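If you want the building blocks of each chain, they are given just below.
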Amino acid sequence: MAIPPIAALEIGTTRTVMCVGETNESGRVKITGVGTYPTIGVRKGQVVDLSQARVGVESAAKQAEKQADVSIWQVLLATSGGHIQAGVNPGMVTIRSNDHVVSREDIEEVTENAKEVQVEADRQVLHTITQAFTVDDQPGIVKPEGMRCKVLTLNVMAVHGLKNRIDNAVNAAKSAQLDVSDVAFSGVCAALAVLTPEQKRNGVVLIDLGGGTTNYIAYCNNVISAVGCVAVGGDHVTNDIALAFNIPLNRAEEVKRAEGCAVIDAESGGRRVVLPADVGFEERVLSCKALHTVINARMDETFRMLRSRLDEAGVLPHLGGGVVLTGGGAYLRKATDLAQRVFGLPCRIGLPVNVDGLEKAEQPAALSTAAGLALYGRMTYEDRGLFSPVKNIFKGWFGR
Amino acid sequence: MSQEQQTALLLLGVGGGGCRLAASVLASYGSGLRALGVDTDALSNRTAAAGGMTCLLLGGSRLAGHGTGGDAIQGRLAAQDDMQNILPHLQGVRTVVITACLGAGTGGGATPEIVKALHDMGLATICFVTRPFAFEGEARRKAAERVLPMIEENADSLVVVALDDLFSDAGGGLLTDAVQAAEGLLASGITLLWRLVSKPGFIQLDAERLHAMVLRGGNARFGFGSAEGAERASQVVAALRSCRLLRSGDAVSKANALLLGILAGRDLRLAEIGDIMGLVREACKSDCHVEMGTVLDPQYDGRIELVVLSFESWTAAVPVEPRKDTPPTQEPPVAEAFPIQPGSRKGRAKGSKLSFGTTGRGKFQNVEPTLFNGQDLDVPTFIRRGIALER
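Keeping their order, the protein sequence lines are chains L and H.
Residue numbering for the first sequence follows the numbering used here, beginning at 1 and increasing consecutively.
Residue numbering for the second sequence follows the numbering used here, beginning at 1 and increasing consecutively.
So that you can see chain L by itself, here it is in the shape it has in the complex (with noise of 0.2 Å):
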């Protein structure tokens, strides 16, 4: 069965993505077209201005369609901000068979009784994602199918957020004329594109640096065991800067990509960095230490948050992988320095490794949600289009 070409869309708070995935014999995924635009009107990942979000929208569309000589109705959507949150359902299930042996109706039961999540109201479950079965007290089995107990549970991994502001996300599409098939986590997204079976397996923590947040998704022993969304990103590194120099926020952004460094080390110390001057704009001279103090303090008390969040989560110890840095913020140099100062494990750039076509991108790592979305459409196809009516089922597919 051939599977028509996917067509991802990020709407970030830098810029908006647009990929074009087409499956080849061989399941893999190839982005066959990317358009980017800069993004105005979106805050901290949620958009604030809906028309100036379609502009970016549109042009980021105009640009994949062009690319991949594709026509783009459908897309799926990437949402993220702090809204998101994830946290555990157990469904359970007593095996009610003679003999006691699990079968495959009882898996099936148990998985449907933990996706049944209970959420707020007013909060929209975007993700569930399977863990591992418990076969009575013994924990951590992968296929229970044929065991002997008397109680089963399945833990489920649910993503959720706020459903007006995933809405705003859909909205900002549909006036670009674009129906939105489905809606993805970004951070489940970029771990599609980047982590490896290898890394999943050693457990591993992939932290997207975004421009308005920061998501993260932990790998343990090949399940997923927290997932999440710090309201911090480049942006906020950027505004660090302007508001220390007192320059405006797009000189912050130039001197922070140019100049920024993560960490405070003897090479900053002593230069000084210019400022040539501009319309409205006398020159300016900053001493590059002060500028990767205030860069390093931001980036520093984000991993501190992030690693309390995976201390809270107890999977601080069971990460052997390592972190992953992905999304643009991990071209910040010396990022990986601080995170492997700060996590204590060794750090590395991740790059969405399992797609293809993006080899020849320029940082292809700020593309990674969008390609993973790509993968993530193909993955979920069957569910979309033919066998299930039900969205957002996501059957546990991704670390098996």
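Hints are computed from structural coordinates only; laboratory data are not their basis.
The structure presented is a predicted model; accordingly, all values stated were derived computationally and were not measured.
The beta carbon of each residue, even a glycine, is placed where N, CA and C say it ideally should be.
Don't take each hint at face value.
To be clear about the criterion: a stretch of chain L counts as covered by chain H if any three or more of its residues have a C-beta under 8 Å from a C-beta of chain H, and this derived list gives those stretches [unchecked claim]:
id : segment
1  : 142-150
2  : 228-238
3  : 279-292
Please build the complex by placing chain H on the supplied structure of chain L, with the hints as guidance.
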């Protein structure tokens, strides 16, 4: 004295210098004092431990016991790593006395972190920190200056002692003598706190009063004087008033509260206490709150030592139990984004430097704030952490 009162105080030495000070306090006091030393340098830890003090290594996984090499960031990270290890030593403690020498890595880096953690746990902290010598150079002085506001932010009381002032009298002496004398002086001040609360004297100060004093007192100055002979009562006050650490008596005359400790031998006369108190009251403001205690110790026979902590920012209107609830009349309005937590000292003027309210948010002016642990993350981190930027 009951066991509880003895153990409600803990002496914590941070870094090499802080541990040495704590050790000398321990040595001059004897047993019965709860002391703990923390350092990143395993070697100095071992020396301090030889003196009978409990010692913990900070940042063992990060620095492998080799010290920070003067890097305050390493010190801070080490403290964050191993804060958990300090917790078991804090059972039943209400007031922590911290000694540290600023200017280098552990003392400068770990101290603010530890003070913050203790403050968050609701413990009262009184920090005795030393500024480096002038000859140690500009870099160290600056490093120490940078750290002070960070400690001040969370410490209930901060006593800054410039090493230069401490050594001013011992200029001509041998180095070892001078160091010993200076350490002895500082240690005697800290020891006094213990003696006042735990050793039987004529008038004693209980641990709870000290706790309240520290909580309400804010930053303090520390000074001492000693005298012998017939006129010792008046001489000791004169000596105190000429002490450089008290800015030659200026700190006494401006103080809103004084904690006065009289150390004397068994030959102390009641009239002498009266004389001393009378002279001290003359020297200070009329509405100054004076708490005093005496310690009688045979080794001080024929001598009187006066040790004083002067608090300038004493807030008399605060009820004795300020931890339970913050009095609404005292608090200036703090931005909503900074919820006042129990034990928070936002009411004080120096705490309010954090209440940026609407000014520090810049781009995120009209956006829903990102709150984490009671902090508004949209306000730049360097502002919230009080980091001074090099211009």
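List of violated hint numbers, smallest to largest: When the structure is compared with the hints, only number 1 turns out to be violated.
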